[in-house]
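**Student:** Sequence:
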Amino acid sequence: MDQTGPLPPPMPEESSPRRSPQNIPYQDLPHMVNAEGQYLFCRYWKPAGAPRALVFVAHGAGEHCGRYDDFAQMLTGLNLLVFAHDHVGHGQSEGDRMVVSDFHVYIRDSLQHIELMKQHHPGLPVFLLGHSMGGAISILTACERPSEFSALVLISPLVVASPEAATPIKVFAAKVLNLVLPNLTLGAIDPNVVSRNKKEVESYTLDPLVHHGGMKVSFVIQLMNAIAKIERSLPKLTLPILVLHGSSDKLCDIKGSYLLMDTVSSQDKTLKVYDEAYHALHKELPEVSTAVFTEILTWIGQKVSAAGEARHT
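Counting from 105, one number per residue, gives the positions in the sequence shown under the numbering used here.
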């Protein structure tokens, strides 16, 4: 029998492993696969000792979870295990850039990741921390499984549409455009309104994992859908909430944080306003960022201790 014939072709996985948008094989990256089979890049910041709680971080529109590294490192100092992923269409995850078929995909993927971590660390309290669009994701995630989370921390959350973007005429135009030209690109995020810290603005501008292009009409419609859902969902929230917002935020209107404080059913709720600060409080002028980190670390530290005591009684 002739043994010199051609070998069968290798399995497709072997010849072409799934690669990130940056062309790195996912087998070399921490990742998970969502319900639609899309590969999502994940990050984990583990404490030196046994973790006392889990903290899930939801990043904002156009950015990625690596931008929370310094913050996550601080949280590990409280013996918290911090984890995050790049949302679909962001950073090192698959998907067209800043496109999502339905905003709920972000919530579904977040719950899947949280579930995975709970299986590895059963019995630990779970905290949600979200910035900007990640704030909207965190709110809706908490509303979907209200009894599963110990507390919610929101930095400049997206709760209402910015006045410039949401006049009735513009909303109507966006809905019409979504039917005809869903891929039409609108304006990009201006890096100069992200922070007053010039170093941070430069870092954001030069970050290759940040999406610097415009937002598509279809994406804006999904954000508007999320805002409508949040407004209906806020009264359901009863867990402890810490909200931090800059008074000069031009990306997520501070009115949303006031509305949230007025509407949620939580008994334990705190709003801290940072005078003249811009959108990314954790990337603001050093005195603001330091105050924000201290506020969050102190607040989460108290909640973790209280949750620990409750578990042991």
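There could be a bad hint or two in this list.
Simulated restraints on C-beta separations [claimed, not checked]:
(1) Glu-140 x Thr-309: 30 to 38 Å
(2) Glu-380 x Arg-123: 40 to 48 Å
(3) Glu-219 x Lys-303: 14 to 22 Å
(4) Arg-123 x Asp-366: 28 to 36 Å
(5) Ala-292 x Thr-374: 16 to 24 Å
(6) Ser-369 x Ile-128: 25 to 33 Å
(7) Pro-129 x His-316: 24 to 32 Å
(8) Thr-309 x Pro-390: 13 to 21 Å
(9) Ala-410 x Lys-302: 26 to 34 Å
Dumping the calculated DSS-like pairs for lysine-lysine here, alpha-carbon to alpha-carbon at most 30 Å [said to hold, decoys possible]:
(10) Lys-340 x Lys-376
(11) Lys-359 x Lys-376
(12) Lys-376 x Lys-303
(13) Lys-340 x Lys-373
(14) Lys-302 x Lys-407
(15) Lys-333 x Lys-302
(16) Lys-373 x Lys-359
(17) Lys-302 x Lys-222
(18) Lys-333 x Lys-150
(19) Lys-340 x Lys-354
(20) Lys-376 x Lys-354
(21) Lys-222 x Lys-303
(22) Lys-407 x Lys-222
(23) Lys-302 x Lys-340
(24) Lys-333 x Lys-303
(25) Lys-222 x Lys-333
(26) Lys-407 x Lys-359
(27) Lys-303 x Lys-340
Calculated from the structure, these hints are not laboratory results.
Cβ coordinates follow ideal geometry from the N, Cα and C atoms, glycine included.
**Student:** The structure should be examined with respect to each hint, and the outcome stated for every one.
**Tutor:** To see whether the hints hold, each was checked on the structure:
1. Glu-140 x Thr-309: 30 to 38 Å: For Glu-140 and Thr-309 the Cβ distance comes to about 32 Å; the hint holds.
2. Glu-380 x Arg-123: 40 to 48 Å: Distance hint for Glu-380, Arg-123 holds at roughly 43 Å.
3. Glu-219 x Lys-303: 14 to 22 Å: Roughly 38 Å apart at Cβ, these two residues miss the hinted range, so it is violated.
4. Arg-123 x Asp-366: 28 to 36 Å: For Arg-123 and Asp-366 the Cβ distance comes to about 47 Å; the hint is violated.
5. Ala-292 x Thr-374: 16 to 24 Å: 33 Å, violated
6. Ser-369 x Ile-128: 25 to 33 Å: The hint (25 to 33 Å, Cβ to Cβ) is violated, given that Ser-369 and Ile-128 are roughly 44 Å apart.
7. Pro-129 x His-316: 24 to 32 Å: Given range 24 to 32 Å: holds, Cβ gap about 25 Å.
8. Thr-309 x Pro-390: 13 to 21 Å: Taking Cβ atoms as reference, Thr-309 and Pro-390 lie about 19 Å apart, which means the hint holds.
9. Ala-410 x Lys-302: 26 to 34 Å: Between Ala-410 and Lys-302, where Cβ atoms are some 40 Å apart, the hint is violated.
10. Lys-340 x Lys-376: 22 Å, holds
11. Lys-359 x Lys-376: 13 Å, holds
12. Lys-376 x Lys-303: Holds: Lys-376 and Lys-303 sit about 24 Å apart, inside 30 Å.
13. Lys-340 x Lys-373: The hint holds at about 14 Å.
14. Lys-302 x Lys-407: 34 Å, violated
15. Lys-333 x Lys-302: 35 Å, violated
16. Lys-373 x Lys-359: Holds, at about 16 Å.
17. Lys-302 x Lys-222: 39 Å, violated
18. Lys-333 x Lys-150: 34 Å, violated
19. Lys-340 x Lys-354: With a Cα-Cα distance of about 28 Å, the restraint between Lys-340 and Lys-354 holds, given a limit of 30 Å.
20. Lys-376 x Lys-354: 17 Å, holds
21. Lys-222 x Lys-303: Roughly 37 Å between the alpha carbons, so the hint for Lys-222 and Lys-303 is violated.
22. Lys-407 x Lys-222: 18 Å, holds
23. Lys-302 x Lys-340: 39 Å, violated
24. Lys-333 x Lys-303: Not OK: Lys-333 and Lys-303 at ~36 Å, beyond 30 Å, violated.
25. Lys-222 x Lys-333: OK: Lys-222 and Lys-333 at ~27 Å, within 30 Å.
26. Lys-407 x Lys-359: Since the Cα atoms of Lys-407 and Lys-359 sit roughly 26 Å apart, the hinted pair holds (cutoff 30 Å).
27. Lys-303 x Lys-340: 40 Å, violated
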